[in-house]
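K.L.:
Residue strings, one per chain:
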Amino acid sequence: MITGSKRVSDYKQLMKELPTLRHVDPEKVYINLPGERCPKYTVKVEKGDKVKLGEIIGERDGGFFKQPIYSTVSGVVEGTTEKTDPTGEKIECVVIKNDHQDTYHESITDRPDSVIADFKKKDFVEILREKGLVGLGGAAFPSYIKLDTDKDIHTVVINAVECEPYLSSDYRLIKDQPEDIFKGLSYVMQAVEAERGVIAVKKTKRELIEVLERELARFADLDIRIAELDDYYPQGWENATFEKATGIKVDVGTLPMEKGILGFNVSTCAAVYEAVKHNLPVIKRHLTVNGDAVKFPQNIRARVGTSVKELIELCDGYREDVDEVQVIIGGPMMGKSIPDDDAIVTQTTTSVLVFESAEYVEEPCVRCASCVYSCPVDIQPVSIMNAVKRNDEKSAQDLRADRCIECGLCAYVCTSKIHVTDYVRKGKALLQNKL
Amino acid sequence: MEIVTKSSPHLRRPQARVTRMMRDVSIALLPLVVFAIVQHGLTALWILLAAVFSMAVTEYIYYQVTDWLERLKEAKSETEKSIRDLKAEKKELRAEARQKKTEEAKEAYASFLSDYKEKLAPLKKELKEENKKAPTDENKSFRLWNRRFTLTNFSVVTSGVIYGLTLPDRIPLVVVMIGGAIGILLAKLIFGGMGQNIFNPAAFARVFVVLSFGTLLSYETFVADGAAGATAMSILNENIFDSTVTEHYGIWTLFSGIGLPGSLGETSALLILVGGLYLALRRSFDLVVPLTYIGTVFLLSLSVMFAQGLDFWFPLVHLFGGGLLFGAIFMATDPITSPVTRPGRIYFAFGLGLVTFLIRIFGNLPEGVVFAILIMNMFVPALDYPKWARNRFSVRAAVIFSMVVVAAIIITNVGVHYVG
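If you read the sequences in order, they're chains A and B.
1 is the number of the first residue of the first sequence in our numbering; add one for each residue after it.
1001 is the number of the first residue of the second sequence in our numbering; add one for each residue after it.
These aren't lab readings, by the way, just hints derived from the structure by calculation.
The beta carbon of each residue, even a glycine, is placed where N, CA and C say it ideally should be.
From the structure, some residues in chain B lie toward chain A, with a derived Cβ separation under 10 Å:
| no. | residue |
| --- | --- |
| 1 | 1010 |
| 2 | 1019 |
| 3 | 1193 |
| 4 | 1336 |
| 5 | 1340 |
| 6 | 1388 |
So that you can see chain A by itself, here it is in the shape it has in the complex (with noise of 0.2 Å):
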């Protein structure tokens, strides 16, 4: 195929109609101290210790902000050990044996409405940092910076878009919990004073509009509109929605605050209501648990620490007749493939996928142009590709290889089947090296 195609079959018919298995009580949970942004930490809790549902155990430093660590079950510290977070490295991350009696901790009360009511931003800001909320669409970035910029911010957008294939739980999530997600984006656009609030789902998503719009009527005095967006990958990539969503075309490198747009993943917003509603941390989330190697896939709500092994055996585990398998934390597009399945859910975990591992066979580049006509960013991986070949730093920067956003849409739809996005990224790193 000689096209430009951003076309990437879903693969997500099963599993949008499987229901949403609930894991929310683990033998044990293991809570990563670094974080994706964070190396540096502190731990408060020793071994023995009791801890009660949102208590703080520690704070990661992420230099420009600190983030406190909540415990997500009751009962008590087992000291420390190593397990795999979602980039593939060893971790340290504090066990907890679960006593099974759910103790909120003190601070954890409902708000009331009317409390709510007379929130300012600062308010809010204020309560999403307590809390650690951070981006739960995988990029991890805390949201209370995001929520306390000084732009003038005119629109919301919450991205529903999930456009990577296999991945079903951001819808799992809308349709069980739609009114969290009305709720949340209503506190955030009283929070920065927006006038609208756009929910971007995908139009082939016929059920999750259904179930949107029948909720949206009960938030009628809100300006909330259902975008529908087309089936296109990388629809769900920020700026790619948002031009989609509202027509503000927001260009790579230039922040959407600029513009006017606030962009919220939808898990994220649900979690806003949560935190500020309830006054919880992400405790449990929704995750897709999938793959051809995986026996039973499903859609399950589990708490954040628990292990991930204790999933794929959730799920009946591996397909015995499988020699090699991947384990991929993320979509398979953009995914972390993980060195060993001793992995943990932590609060940015999407999806554990089990693919068994397929070889390709790699034939010289015949120069179809698929992957520069696909890139939605507007790059040559091609020429880029020839330029790290050649070790060329000034044609990778006359390429713009820094803008790529690796959404590994080049080497997906090689016709020679050669790793494309592989070799973009060393462009990348090569002009990083440079300066």
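Please arrange chain B on chain A, whose structure you already have, making use of the hints.
P.N.:
Here is chain B on its own, set in the frame of chain A:
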């Protein structure tokens, strides 16, 4: 069971395969092959077979020879490796001694030389014995199948069939074979094989045959009143405004190709368009290139028609009379020898159209398609140059390009005015 790691993305598009693309081109060429055999009899079949055969065999031999040479280079045993290392060290030291001319380097070289032969002699003896004992089988083994051979992915078949279809029906088979062998060798293999070539092998082979054996080629005449062995384009070559061409060959004859003299596959515009439609539906080629190419020739001939007050036969003969459709759909779309950006491909195809038309009108040759393809192939690296190649039309580029188009139309018409 084992867990392995790979970098993202972890999915690939199943339909995206080089083999599928090349096979589609071969399928699209099938109606033309059948038509050629029906029209010209078994001669056509022999020509096509000779074309494919010569290209495939040349490629096969080339890869076998290069593989053999590579295997020769590899050291067969530890002993041989140490001999080579020793020799390399000697060479290095000598070069250093000569270049730097310092006492130190000279001394080092001299001291190395003093025991060089003593070191070398036992190693050589050992190697001799080794070889006598066990002539290593794997080094002598002859692999029948070469992994770089492109017969499996239809690449060489496609090139061969396209080359065969561009040939006239009266041509010695020896010439076909020489052309095929030279074409694939000089235009493809020497550059490093599939994906590396600058020139389209089929176009190169065809041009080679025309330039080297031009007098041996001629066209068969079918119709009684047809100009003897002259194609529509060669009639126009005598006088570019010769409207009698439509008396010899009606527009329907030009379109269907039935009874039209010309190259084997170039005559039937209808079947070429069918093939093009198939490729477009299968998305196995980039539609931008043929559309722009054909559109450019049509536009230029239309402008000449208006300027000279000709009838509509003029652009139609230019569209259907020569190898334009075949070249535009099957040769210019070869992705390997096209630029990679969409604007680049548009400029490329525009250049093809312009050069083709200029050769047809002003050139000594009746037909300019293959020459235009080879000429524009040379501009591909320039069109892909990192500094200006972009995948979106900028306003500036669009303005400049439209100015170039207007300039091309004006220059062509001024030229035609003086020539005609």
